[in-house]
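Model the placement of chain B on the given structure of chain A, informed by the hints.
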Amino acid sequence: MERAALLGRLSWQQARVVELVDETARVRSIVLQPPEWPGHRAGQHVDVRLTAEDGYQAQRSYSIASAPEDAELVLTVERLDDGEVSRYLVDELRPGDELELRGPVGGYFVWEESLGGPLLLVAGGSGVVPLRAMLRHHRAVGSRAPARLLYSARTPAEVVYRDELMELAAAEEIDVHITLTRERPEGWSGYARRVDRTLLEEVAWRPDEHPLAYVCGPTGFVETVAGELVALGHDAARIRTERFGSAGG
Amino acid sequence: MSPISRGFRGRRRSDADPSRVPPGQYVTTDFPVLSAGPTPHTSLADWSFTVRGAVDDPRSWTWDELRALPQETVTVDIHCVTKWSKLDTVWTGVSVDTLLEGVETSAEYVTAYSDGGYTTNLPLEDVLDGKAWVALEYDGEPLDPEHGGPARLLVPHLYFWKSAKWVRGLELHTEDQPGFWEGYGYHNYGDPWKEQRYSGD
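Protein chains in written order, with our numbering: chain A, 1 to 249; chain B, 1001 to 1201.
Chain A with its partners taken away, still in its complex shape (with noise of 0.2 Å):
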């Protein structure tokens, strides 16, 4: 019994940075090995704490970007101008520094290969850290589900893992694409609109496909795409969504 109660409670640790990569200017990636991580699955999230020299604590929840099969956890981090969190882990946080976190955390917003496809994935933009964990895990594990990303971006310098995305894309049973709806680069044949409901009745599925629906990003996007989706016929309990709140962070 003890045992039990014992693995039940997810209990803070000390994960070691082991790296950072910058994603853009406002994105970084960290690489971290926890000393206990008991698994999880894509889509999942974990929480971080910090501790100033007088006690004062922070805490946020950030979602994890790698797959369940990857050596590493990574977590990928916007930095938000008002972040007292996500100001220190992009700006302040080294390569051998101890990062407090606890998790995984959450079991809805899950995508794994028993739930099969076709699978939609819509993100507007850091809202795509969940979606990638998902992709990852689908090419870890050779799913044949068919995959499509719709991904929302205002400029191309704001696209955070393009390249992979790319590679992710050559596999038969990925599409990516990319919407830039602030700034395109010279002879962008991509869509260059915010997502709206003609945009989705060309990318998403169509509701006789029952496509399983992932849509991650700001609050006015998500409600705007789960909304339309909706409105497209497509079946409410197959569309699952998280919120990236601008508050705090």
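FYI, nobody ran anything at the bench for these hints, they're computed from the structure. Keep in mind it's a predicted model, so treat the numbers as computed, not measured. Note that beta-carbon positions come from the ideal geometry of N, C-alpha and C, so glycine has one too. A couple of the hints might just be wrong.
[Stated by the list, open to error] Taking CB as the label site, the calculated pair distances span:
1) A:Arg144 to B:Glu1072: 49 to 59 Å
2) A:Gly142 to B:Glu1065: 50 to 60 Å
3) A:Gly107 to B:Asp1064: 36 to 46 Å
4) A:Glu164 to B:Leu1128: 49 to 59 Å
Below, chain B alone, put in the same frame as chain A:
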């Protein structure tokens, strides 16, 4: 005890009374949104609120009937498990005491259920004696759909996932049954002052 995070100072909020902020929470003036799926839209003509389960006589109110019950306005602090707290929020709605008045039941637990399939479980005593409301207004305005409108449960002394959005009724049970997030590893009770975020906390 937590080790110090090298170089972390933190941003103190001198305007918030620390005795009103539970451990691990920070105060926001925004109103962030968290929900697991699309925002449901039920027309008020089709809307009803029901008390059912382990009761002798289930009861139900239409939107207009619920509006006609005595309304209370309360100012409360709310605490979301995703770490934000919002102080002095103003809600108007019907006390759960009013809805359960005269109900004969041996139930000790209640499950709030919502449009979209969301559920959350609470001990019955946590929604009685002026501790819970079915809120119809926020800040003097009809409750916005993304914040749970037309009606959400308001149980401010527990983490805010217990304050079910788009609530359509209360189901009374003699035995406790985990709700939606409670089944996904979140704490069964969710007291923010004990930092009961996840199962085992």
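These are the hints, each one checked on the structure:
At roughly 56 Å, the beta carbons of Arg144 (chain A) and Glu1072 (chain B) sit within the given window of 49 to 59 Å. Take Gly142 (chain A) and Glu1065 (chain B): their Cβ atoms lie about 57 Å apart, and the range 50 to 60 Å holds. Between Gly107 (chain A) and Asp1064 (chain B), the C-beta spacing of about 39 Å keeps the proposed range 36 to 46 Å intact. Look at Glu164 (chain A) against Leu1128 (chain B): about 53 Å separates their beta carbons, and that is inside 49 to 59 Å.
Hint violations for this structure: none, all hints satisfied.
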